[in-house]
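Here the protein sequences come in this chain order: Z and G. Residue numbering for the first sequence follows our numbering, starting at 1 and increasing by one per position. Residue numbering for the second sequence follows our numbering, starting at 1001 and increasing by one per position.
Derived by calculation from the structure, the hints in this document are not laboratory data. Hints should not be assumed to be uniformly reliable.
[Unchecked claim] Within a straight-line C-alpha distance of at most 25 Å, the following computed BS3-like cross-link-like pairs (lysine-lysine) qualify:
(1) Lys54/Z to Lys503/Z
(2) Lys450/Z to Lys340/Z
(3) Lys1081/G to Lys172/Z
(4) Lys1061/G to Lys172/Z
(5) Lys503/Z to Lys462/Z
(6) Lys304/Z to Lys287/Z
(7) Lys1061/G to Lys206/Z
(8) Lys459/Z to Lys513/Z
(9) Lys172/Z to Lys304/Z
[What the hints assert, rightly or not] Here are the simulated distance ranges between beta carbons:
(10) Gly1085/G to Lys206/Z: 58 to 68 Å
(11) Thr1089/G to Pro157/Z: 15 to 25 Å
(12) Lys1061/G to Ile307/Z: 43 to 53 Å
(13) Asp236/Z to Ala1103/G: 52 to 62 Å
(14) Pro359/Z to Gly1085/G: 47 to 57 Å
(15) Thr1089/G to Asp63/Z: 57 to 67 Å
(16) Gly1067/G to Glu286/Z: 36 to 46 Å
(17) Asp1082/G to Glu286/Z: 26 to 36 Å
(18) Thr1089/G to Thr152/Z: 43 to 53 Å
(19) Asp1113/G to Glu557/Z: 24 to 34 Å
(20) Asp1113/G to Asp482/Z: 17 to 27 Å
[What the hints assert, rightly or not] Residues on chain G that point at chain Z, a partial pick, calculated with CB under 8 Å:
(21) Thr1068
(22) Glu1070
(23) Ser1098
(24) His1100
(25) Ile1102
(26) Ile1105
(27) Gly1107
(28) Pro1108
(29) Ala1115
(30) Thr1116
(31) Thr1118
(32) Cys1121
(33) Gln1122
These numbers come from a predicted model, not from an experiment. A virtual CB, placed ideally from N, CA and C, is assigned to each residue, including glycine.
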Amino acid sequence: MRFNPRAEISVHDRQPPRYRSLGRRGLVCALSMALVALASPAGARAEASLADIKATDYPSLTDKELGHIRRMVDLSRQLPGDWSGMSDDLWSVAERTQQFQLAYMAMALALVQHQYTPAYRELYRESMYELIQKLTNPDIWESWLNSSRAGTAFADPDLGDVTRGWIDPIRKYNIMLKGYLLQAGAMYEMLHRDGVFTKADGFTFKYQPFTWGNGPVTFRYSLSDVANIVYREFVDGNYEGVQCEPNRVFPACNQLPILGLLTHDQIFGTGYAKDVMPKFSRAWVEKHYTNPVTKWNVRHIYVKQGIREEPGTPVLDGWAGSWMHAWNPELAASIYAGQKEIYLDKFLSGEYAHNAPAPGYSEGNRTLLSLGFSQFAFMAAEVGDTEARAALLDYAEKNFGPVWKDGAYYYPRSDDYAPDANGSSHGVDTWSGNVLLALARLDKGGGFLKMYREPWGDKQLKAPQVTHIDDVTTSVSQAWYDDKKDALIVTLKPGPVAARRVKFSVQALDPAKSYSVLKDGQLLGQAHGQAGDQAGGPQDGVEWEGDGSAQISTDLEREHTFIIAANE
Amino acid sequence: MNPSPGTITIRSKRCALILLLACAPLVHADEAAQGLQITGCTVFSERDKSISLDCASEARKSCAGPGTCELPIGLNLTGGKDPDGNPDTWELVRVEFSCHGIARINGPHYQNDHATMTLACQR
């Protein structure tokens, strides 16, 4: 039996008191649905099949994972120019680490969106957008003007002097910015398809210093402009990698743009990654980007001189391996095996920090110590080394001083790198504390590999989802639509700010179908006054709209699971 | 104190009001005429500065009259052509403009189809 809410309006006078606050059509629909469920064989069938839908069968986020997500959301909401909690002393790197934190956080949220809560998107969409937007903030990209000038000491021994450089951060090189912008922007488009970054000015960089320079200038690029430029640079570079600064290719930084090209191909039907991936893989092996003897990856290559800079570092090795696994898992796994032998024991014993540089400025500064730890942890997680991942996360829990703050969970920066009596280091950089260790926790093995192998299409984008959730009072630990059972499974947890009652919406239901709503196993749409109602308080309710949406109100003094399932 | 050349000394509020009302249309017309005006535009090769093109007329098509202009500085300034014919060499764009008679410069910036210069009379 099919329920057509538009056909049931004539019964509106029979509304029970509990629906008085609902819209007229909504309360009529709600009542109609309840009557249908009570009186018809369809209701009985629904009840029987509903019992087969168990929330524990679907992905859900732990409290710590929710806390990590809230940390990233909080950082995405900081005002422009506010980098509180994101700064380090990595002064030897012109771009510092904020741009990487932003891009990695966007990708971490994408992972959660794709694999934990695909039916709860508004929070992730907004936060991903804000993080990507911050990548176009002058604080992030203006350092390119310096980096593009290269120079003799570390960029090009044959150059003679620094050059005039250029301002535009996309036009040429700078893969450590535009590759990440491409990856995150393409992933945003894959998950949300609102075209915000595909517009001609999707990425806009305004150069407007008042105190120096040759006058204000603005650069505008679309997502596809960036993809095309990145692809051309792979081709022009003989598929050996796009340069970071002029004359230097960092193999680690070339992983993310490949993934960006892959997503661009999946969305727009281009063939960029299809062309680049096998040729870059071949170059990796032939050029010994992983040293077959030492197992380290090269740090970078001086392009003109053809010199490979070694030895490798856990920072760059983990950086490369974690993302390489998402597009070439076989090669990544083979490299990981050798690098695990080098690094894992050193991290778990604290040995990695026993020769920490002195506090203050130093060329090989201490930030890199914890960065190496957490880059390796993320790589271990992505390649599926669950034992190493667990041990590293356990070390981090014991030594890196995690905190809860307003519902956010993270490892605040600590410059306390000197080993303690047990030999363990407590130093943490912000890239690790905000996102890398969170990624190690969220990625249960092959998380990004799966994301790139299973891109979303219309089926996922048009599936039912929950919306209008007040994330100040409500954390969504589970939001999954099971298309085979035509059921939406949603679990809400209270906090960080307490609220006795909350309301949320369900969108994209099929108006031609009837649905049952269960709250903690009880049929909310059928009975008057359900478990979970507080004495003297308003009742739980479901307000159905004829357009395939519904509003559900509930208490939230404790966790509740809702199942919204189509009746057969 | 002697008034500087061009200064009009107003002796009464009534005179000032009359003068203001009488001159208002003229003042507006004068400002419009003297608003942002492109006075020069050059695209030149970084490799060989003797290779240059005058782009003033093209620039004026994009910027005429108002006090602020976003001037595209790509191949639109050179009729879609690379001025020195060498794709490995970048060209630079330098624009001279005036705001109410005061000369200003923006550039040189690299010629770039994704770039616009902001020309503004007020900063």
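Hint by hint, here is what the structure shows:
no.	hint	verdict
1	Lys54/Z to Lys503/Z	holds (23 Å)
2	Lys450/Z to Lys340/Z	holds (23 Å)
3	Lys1081/G to Lys172/Z	holds (20 Å)
4	Lys1061/G to Lys172/Z	violated (29 Å)
5	Lys503/Z to Lys462/Z	holds (22 Å)
6	Lys304/Z to Lys287/Z	holds (14 Å)
7	Lys1061/G to Lys206/Z	holds (23 Å)
8	Lys459/Z to Lys513/Z	holds (18 Å)
9	Lys172/Z to Lys304/Z	holds (16 Å)
10	Gly1085/G to Lys206/Z: 58 to 68 Å	violated (32 Å)
11	Thr1089/G to Pro157/Z: 15 to 25 Å	holds (24 Å)
12	Lys1061/G to Ile307/Z: 43 to 53 Å	holds (49 Å)
13	Asp236/Z to Ala1103/G: 52 to 62 Å	violated (41 Å)
14	Pro359/Z to Gly1085/G: 47 to 57 Å	holds (56 Å)
15	Thr1089/G to Asp63/Z: 57 to 67 Å	holds (58 Å)
16	Gly1067/G to Glu286/Z: 36 to 46 Å	violated (58 Å)
17	Asp1082/G to Glu286/Z: 26 to 36 Å	holds (35 Å)
18	Thr1089/G to Thr152/Z: 43 to 53 Å	violated (23 Å)
19	Asp1113/G to Glu557/Z: 24 to 34 Å	violated (58 Å)
20	Asp1113/G to Asp482/Z: 17 to 27 Å	violated (48 Å)
21	Thr1068	violated (10 Å)
22	Glu1070	holds (7 Å)
23	Ser1098	violated (14 Å)
24	His1100	violated (18 Å)
25	Ile1102	violated (15 Å)
26	Ile1105	holds (7 Å)
27	Gly1107	holds (5 Å)
28	Pro1108	holds (6 Å)
29	Ala1115	holds (5 Å)
30	Thr1116	holds (5 Å)
31	Thr1118	holds (4 Å)
32	Cys1121	violated (13 Å)
33	Gln1122	violated (12 Å)
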